[in-house]
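Colleague: Position one of the sequence shown corresponds to residue 1 (full-length UniProt numbering), numbered consecutively onward.
Think of the hints as simulated: they come from the structure by calculation, not from any bench.
Keeping only pairs whose Cα atoms sit at most 25 Å apart, straight-line, the calculated DSS-like set for lysine-lysine is:
1) Lys-26 to Lys-92
2) Lys-94 to Lys-84
3) Lys-71 to Lys-84
4) Lys-26 to Lys-89
5) Lys-26 to Lys-94
6) Lys-73 to Lys-84
What follows is a list of derived Cβ distance ranges for each label pair:
7) Thr-96 to Ile-18: 35 to 43 Å
8) Ser-80 to Thr-32: 30 to 38 Å
9) Gln-30 to Gly-77: 33 to 41 Å
10) Leu-81 to Asn-57: 20 to 28 Å
11) Glu-12 to Ile-38: 13 to 21 Å
12) Arg-55 to Lys-92: 22 to 30 Å
13) Asn-57 to Ser-80: 19 to 27 Å
14) Gly-72 to Leu-11: 38 to 46 Å
Note that CB positions come from ideal geometry on N, CA and C, so glycine has one too.
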Amino acid sequence: RNYLHILMRQLEQVMNIILFDKIRNKEILQCTCLAPMIETLVNRNLHWSGHIQRRDNIRLVRQLLYFQLCKGKRNYGRPSLRFKDIAKKNIKWKTTDNNKWKIQAKI
1 RNYLHILMRQ
11 LEQVMNIILF
21 DKIRNKEILQ
31 CTCLAPMIET
41 LVNRNLHWSG
51 HIQRRDNIRL
61 VRQLLYFQLC
71 KGKRNYGRPS
81 LRFKDIAKKN
91 IKWKTTDNNK
101 WKIQAKI
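Just need the whole structure built from these sequences, with the hints factored in.
Modeller: Pasting the structure below:
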């Protein structure tokens, strides 16, 4: 969320937009032809997970992705999100609409 705020402030400075102009972030992104940062991060995450899936099982990166500790004490509170949990959530988000998935697959 903080990165999005920084990105929008920088775009406003480049475009000479002041606070009193009251232009929405969505409009600024459309004027600059930039995708929202959340979609960019999701696409990068899916791209990286696809890259890992194509690697051999011998590779350390692929082994670490599916690695789980046998022993250990868990911290209190909500469990930390793992890379594969986030990737699974992103895949579900992208595939909710079949037409949306086809458009994203072409990118």
